[in-house]
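Chain residues, written in single-letter form:
Protein chains: 2
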Amino acid sequence: MPCPIAAQTHLDPQPFEPEMGGRLEALEIAYESWGTLAPARDNAVLVCPAFSAHAHMQSSAADPSPGWWEGMVGPGRALDSDRFFVLCPSLLGGSFGTTGPTSTDPATGKRYAEHFPVITVRDIVDVHLRLLDHLGIECLHAAVGGSLGAMETLELGVRHSSRVARVFSISGTDFTRPYTAAIRHLGRQAIVLDPAFQGGAYDPQHGPAGGLRLAREIGTLYYRSPGEFNERFTHRPVAPPTTHGITFEVQSYLDYQGQKAVGMFDANSYLALSLAMDLHDLWRGYPSPDAILSSGIDTAFRMVAVREDRLISVEEQEHLHRLLSLAELDVELQVISSPVGHDAFLAKSERRRMTELIQGFIEH
Amino acid sequence: MPCPIAAQTHLDPQPFEPEMGGRLEALEIAYESWGTLAPARDNAVLVCPAFSAHAHMQSSAADPSPGWWEGMVGPGRALDSDRFFVLCPSLLGGSFGTTGPTSTDPATGKRYAEHFPVITVRDIVDVHLRLLDHLGIECLHAAVGGSLGAMETLELGVRHSSRVARVFSISGTDFTRPYTAAIRHLGRQAIVLDPAFQGGAYDPQHGPAGGLRLAREIGTLYYRSPGEFNERFTHRPVAPPTTHGITFEVQSYLDYQGQKAVGMFDANSYLALSLAMDLHDLWRGYPSPDAILSSGIDTAFRMVAVREDRLISVEEQEHLHRLLSLAELDVELQVISSPVGHDAFLAKSERRRMTELIQGFIEH
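Chains as they are written, first to last, in the working numbering: chain E, 837 to 1200; chain W, 837 to 1200.
Simulated from the structure, these hints should not be mistaken for laboratory data.
Watch out, some of these pointers could steer you wrong.
These stretches of chain W come out as covered by chain E in the derived footprint (C-beta under 8 Å, 3 or more residues) [said to hold, decoys possible]: (1) 1005-1015; (2) 1026-1033; (3) 1050-1058; (4) 1070-1080; (5) 1096-1110; (6) 1130-1143.
Sample of chain E residues lacking proximity to chain W, with all beta carbon distances greater than 10 Å (derived) [as the list claims (entries may be wrong)]: (7) A898; (8) G972; (9) L1050; (10) I1133; (11) Q1170.
Just so you know, even glycine gets a beta-carbon here, dropped at the ideal spot from N, CA and C.
Chain E with its partners taken away, still in its complex shape (with noise of 0.2 Å):
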């Protein structure tokens, strides 16, 4: 799993020790850029990538790789580059050039892999922080992210007001309820128990592959929705009936999905992002809620929820909603029906909705 090819990388010489205790000797934080930063450094955007994705959203003549999120980003589109600095760094705790458990450690001059630190969505932010220090960015025009990114942009609105001007949220949450905890719980197992995975101590070359492609498997059910499913694959079966491989064309497409991710992700780097995505929590730390939201936040919020999504219900972003604007913080919830369910920020079919929905706050 190399960096994107186009992407630049920060050097930053500074340790990192992340909320749960440990400590990193330096840090490498991956980028890529779309636009010019204004000679005010007022115009930047920053991306949040979701879980599964990195500072490569869209592609370029430098990486004419399709991107994460391509469409999105350029001259007249969702994130206008020639009007914004638009930023999208990859992870920490990921695969993607951003320090994570596949980086080397200076101390031992081997990967991390095993013992790579746990890591939160504050961490994240922390060393996203840092790189806008290095780029001399002092306040975002805008943090846009879904899903584990949408949770990043939350922790900053409100935990690093001063940072970012308005936040764009779609199905991101304030904290990681229980369901979803054990939705994740099933994946990790699903890595943990594959012999291959030995501890995490696997060689790259032979990770747990089979754990991989069933962890994402499991993910794929909840990323999507029934109704998707049930619309798009027949019920009858497609081969001969088999307990143990295919019958139905809703497995073909599963395995395909699994198969996908077991090229796409590194087995520890999945495990600390799905953990940091559990350990999720606004209010950690605070007494209540409201100690922090009404320490003087003046970041912009919208939210974006999905009926259909079994990840991240309506009801807990309501629930949010409705904390921000008890606070009185300027704050909306826009709630849309799509087939496709949480996934709906990263669908084809849904980029023009969500083109018009972050160009209407974000250009305002």
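We have chain E; now place chain W onto it with these hints.
Coordinates of chain W only, in the frame set by chain E:
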């Protein structure tokens, strides 16, 4: 996995040819019963077990271990043994006394194991009809079941209407939707990927425990509901966070549920019954639902759906209700709300309500 102690076993020497092919040279059908069959043989109630259930639905003097539907059968109870002859047979393909992968194949003298044929809910029905034939029961007073048991009651009512006067289906469906099949696919994958599974040819003492555990954990998320988990468990870590082990309360709960399954299920049986549910399709072989629904069915149907059910949605049960209504059958659908979700019919907290619903129907 021995046959429950108190079960009787009917040895049926006739060969059995499953719907999807293959052949069993003979059948064993384990069952327990309560009450007395009336001279007219018209007071029998068949309880159709769910996926993890078996003949032992209720403790007795002969077998005091708690049954899977403890408290539901006995004098004055939901299934009144003073009035009805209540019959509960284990499932074909299971590992509780009725012929399944753990049974000995008379042709080879060895366990069927991975050579057990693919079975369907129709096969399960046909085996139970053989037991009714043996007992001289021409027409059941009622058939009652939840989940897989409900699929069986519906097959009985629609395709063997002359054999059953009343069908009581809880969380049943006319055919398995692709999203639900996708869920079960994950469980089967968890088992198949466990190296101890060995393509089904595992040593019974050293079966795929890890895979079974994970399969059960995956299932548990769908048998219960987000509301229940989010009420019941704290979202805060209960231990120092770790990517490999237990950080949250809900993880301990799931691991406990999974561990229980290891002693409860044979892996090949798990696969056989899981696939049987995915293959469930009341309309298979008919040009349209109406082709069978207009064939003079006079069974009365009562369906109970649970609003919070994540496995079999209310919508699909409404769909079936509509089909039966349009065919002018005697059918009612009652939608209840229970934080438990799909497993409501099994939950102690719902016993009283289930009792009222069942009595209100079958004692009429």
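To see whether the hints hold, each was checked on the structure:
no. : hint      : verdict
1   : 1005-1015 : holds (count 5)
2   : 1026-1033 : holds (count 5)
3   : 1050-1058 : holds (count 4)
4   : 1070-1080 : holds (count 9)
5   : 1096-1110 : holds (count 4)
6   : 1130-1143 : violated (count 0)
7   : A898      : holds (34 Å)
8   : G972      : holds (34 Å)
9   : L1050     : violated (5 Å)
10  : I1133     : holds (23 Å)
11  : Q1170     : holds (22 Å)
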